[in-house]
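K.L.:
Assemble chain B onto chain A, guided by the hints.
Protein chains in written order, with our numbering: chain A, 1 to 173; chain B, 1 to 349.
It is worth saying that the hints were derived from the structure and are not from the lab.
Hints should not be assumed to be uniformly reliable.
Beta-carbon label-pair distances, calculated as ranges [said to hold, decoys possible]:
| # | chain 1 | residue 1 | chain 2 | residue 2 | range |
| --- | --- | --- | --- | --- | --- |
| 1 | A | F93 | B | F81 | 31 to 39 angstroms |
| 2 | A | E146 | B | H195 | 26 to 34 angstroms |
| 3 | B | R317 | A | I66 | 24 to 32 angstroms |
| 4 | A | T24 | B | T344 | 45 to 53 angstroms |
Chain B regions said to be covered by chain A (calculated; three or more residues, Cβ under 8 angstroms) [claimed, not checked]:
| # | region |
| --- | --- |
| 5 | 111-123 |
| 6 | 146-160 |
Treat the numbers as computed from the prediction; the structure is a model and nothing was measured.
Beta carbons: idealized from backbone N, C-alpha and C, even for Gly.
Read off the chains here:
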Amino acid sequence: MNVTPYIFWFLSVLALFSALMMVTSRNPVYSVLWLIGTFFAISGHYILLNAQFLAVVNIIVYAGAIMVLFLFVIMLMNLNRETEPQKNRWLKFIGALAGGCLLLVLVAALKDAELKSQQAMVGGGSIGLIKVLGKELFTRYVVPFEISSLLFLSAMIGAAVIGKKETSQTLNS
Amino acid sequence: MMLLALDIWFILEKVALIATIIGLSFFIAMYTTYAERKVAAWLQDRRGPNRAGPFGLFQPLADGGKLFFKEEIIPLTSNRFLFILGPALAMITALLTSSVIPWGASYVDGSINIPLQVADVDMGVLIVFGIVSVGVYGIMIGGWSSNNKFSLLAAIRGASQMVSYELPMGLALIAVLLMTGSLKMSVIVSHQIEHGWHILYQPLGFIIFFVCALAECNRTPFDLPEAENELNFGYHQEYSSMKLGFYLFAEYINMFISSAVMATLYFGGYDIPFVNESAWGLSPLMFSLMSFAVLMAKVLFFLFVFIWIRWTIPRFRYDQLMNLGWKKLIPLSLVNMLLTAALTLWLNK
Numbered sequence: 001m002n003v004t005p006y007i008f009w010f011l012s013v014l015a016l017f018s019a020l021m022m023v024t025s026r027n028p029v030y031s032v033l034w035l036i037g038t039f040f041a042i043s044g045h046y047i048l049l050n051a052q053f054l055a056v057v058n059i060i061v062y063a064g065a066i067m068v069l070f071l072f073v074i075m076l077m078n079l080n081r082e083t084e085p086q087k088n089r090w091l092k093f094i095g096a097l098a099g100g101c102l103l104l105v106l107v108a109a110l111k112d113a114e115l116k117s118q119q120a121m122v123g124g125g126s127i128g129l130i131k132v133l134g135k136e137l138f139t140r141y142v143v144p145f146e147i148s149s150l151l152f153l154s155a156m157i158g159a160a161v162i163g164k165k166e167t168s169q170t171l172n173s
Numbered sequence: 001m002m003l004l005a006l007d008i009w010f011i012l013e014k015v016a017l018i019a020t021i022i023g024l025s026f027f028i029a030m031y032t033t034y035a036e037r038k039v040a041a042w043l044q045d046r047r048g049p050n051r052a053g054p055f056g057l058f059q060p061l062a063d064g065g066k067l068f069f070k071e072e073i074i075p076l077t078s079n080r081f082l083f084i085l086g087p088a089l090a091m092i093t094a095l096l097t098s099s100v101i102p103w104g105a106s107y108v109d110g111s112i113n114i115p116l117q118v119a120d121v122d123m124g125v126l127i128v129f130g131i132v133s134v135g136v137y138g139i140m141i142g143g144w145s146s147n148n149k150f151s152l153l154a155a156i157r158g159a160s161q162m163v164s165y166e167l168p169m170g171l172a173l174i175a176v177l178l179m180t181g182s183l184k185m186s187v188i189v190s191h192q193i194e195h196g197w198h199i200l201y202q203p204l205g206f207i208i209f210f211v212c213a214l215a216e217c218n219r220t221p222f223d224l225p226e227a228e229n230e231l232n233f234g235y236h237q238e239y240s241s242m243k244l245g246f247y248l249f250a251e252y253i254n255m256f257i258s259s260a261v262m263a264t265l266y267f268g269g270y271d272i273p274f275v276n277e278s279a280w281g282l283s284p285l286m287f288s289l290m291s292f293a294v295l296m297a298k299v300l301f302f303l304f305v306f307i308w309i310r311w312t313i314p315r316f317r318y319d320q321l322m323n324l325g326w327k328k329l330i331p332l333s334l335v336n337m338l339l340t341a342a343l344t345l346w347l348n349k
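Chain B on its own, in the form it takes in the complex:
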């Protein structure tokens, strides 16, 4: 059946995939808030949330319900339209990146071939980068439209931090692209399945990328936009109810997606190391589900590292943050890029 020259089944397949990924992002983000509190409690020798349900498992639902039923306040002096646009943009940009990540091996059964990826475009990695660079607007618009000095300061801090750390992130990415020779996410994964994970060849690049991911997600030690003791509460100070919830939630979705991006770029995506799982003769459905579960395991590990770092390392000072970004990470990533380029050229000759 064709509608406007588009295959209706193709659209249905993609819509189902998008809905699944968004639902999954929300679910994982919800339970990352729970994991954050449990891990924090564990690291600080406490019990953590344990009242709502067994082991406190319903705590995220209780938190969400609380945010929904809180009074919604829009400050009179704020810019009403932009005030609402800010958290919406933060959420949209957080969710958009998931569209180019390959979530598992394609489901191939005879003539049916369903890739577990919304869009396997030629520009995969660059699209991730583009969405990250647009992600600044949610914070900036929210902070400015609140018409509060602290919010504005926090928004400007956040924006300059994100703009600064985009550069070393991009330079670290170029080294990966030099090795694969393609920007397609699916090709990057299949290259790693054949030649070994990128973390083996790009340890420095991965460290740079990871530090930048921490900064882009506004996580400790780079959570200066919400430094409570300097800026009260940060760029979302004037927000209440679910709009505040969107900002807080977008941070966890960002963590989830950037974990998935790191697993895909450096840790082989949905590949199991040391074995050739495609020769096991699993049924196509089982094979796809297993590859998806492997990627999820890697993502959960990264999420744990994010939380672990937050409760271990104190916050940077602002000048230290800028020094680290511009004077250490950028030269390091440039050296890494040049070395990779020279080695690639030398080995391919």
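Chain A with its partners taken away, still in its complex shape:
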């Protein structure tokens, strides 16, 4: 009896449960914390597939940096259950309809995918290790990799420009 399926089911249940709780909790701070739980569960899945680099980077970037900023903003704005806007009933209905449509499209797209013949390699393989991944990124995929880094740079500069503009305006006025 192998232990991997048990871990897989445990992590899947954890990921789905925290994702559901993230959507349904009323307090935005709780939502952020549940989302962090989801990220940890997904990192666990990566480790099961021996994609160690992806697992750790997922924690560092998403749980350690992006979610901290989210939490930051939410804590500063002091969003509470009382301040959450009450949505129109029709809006909720339309939202459910749109979500259902998306689900339909996803199911239709995945129906024909050859998922059954492609089994994931569990607990083995070296493609997720940093040496192999780095070589792939800097030889075969070097152009898309560099383009995406340029995109990040432009986003960073854009953020700095927007931030600077506002301070100079407030100083002038």
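P.N.:
Okay, now just chain B, sitting in the frame of chain A:
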């Protein structure tokens, strides 16, 4: 004996190792509080704690007992669940990092090979980094859920400080990784045993890393999250009893673990300099214990430096802290990284 395809002896070995390391962390953290007060007294020409036991050696036990028996108060307006989660998270993240540090040379006796490291994973250094970046949550959650303005301000200060100083820390680490070519902690140590300690090649990188470690541990001169004269007591203002104890204790465990990380990354880990100790013909047990003792000596030295700095240097102002982090340390560490990369490329050709 196999259970669920896992070797039961392997699990027992790891559990014993983890329990030892956690016990050791608690013990060292306990006596670091004592050392802090004794060193402070020494630097300020006082006697320090000297009532409980010989030389006041039972003082940490008395402090712990006091914290245990204090009344536990959870403020009515606080967020009860998160209020309890905060100190627990601070403690967990402080202890987690110890799992990837090699605490000594492997115990090799015939076919038995017991590494004194819980997990020698491919991502060793990155895992340290990941846990450090998650360490913010203990402070943030505790500070926010207290529902106190001072606590919230301190939590936000602490979080922004830790996020800012993670960047130069990571960049300083990259220079080390460029030299070893591996992220495995065990490989980093064995590389240093062969080629000399990293502090010889990376003095600037080490200084940057050390400053960032001070900031990540919220130690003076970067202890702005608990600046008493500005924020009363900081992010743990509403905490009492053992929950406060957890926060205070987590700081000392963080100091201990970051000392161990610095010793491992820059000071050769469990290596004794200038000699080849593996040729001495010691018994395997003695050899492992000796290497462990050497690492501990280095760690104790770093702990002393942490305390020494706290009682020597005054606190930074908040804008000075941010200036130092973003405008001085990050460019410096970038230059350090580029220089190391260029030299590595040039020398390897």
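K.L.:
Which numbered hints does this structure break?
P.N.:
When the structure is compared with the hints, none of them turns out to be violated.
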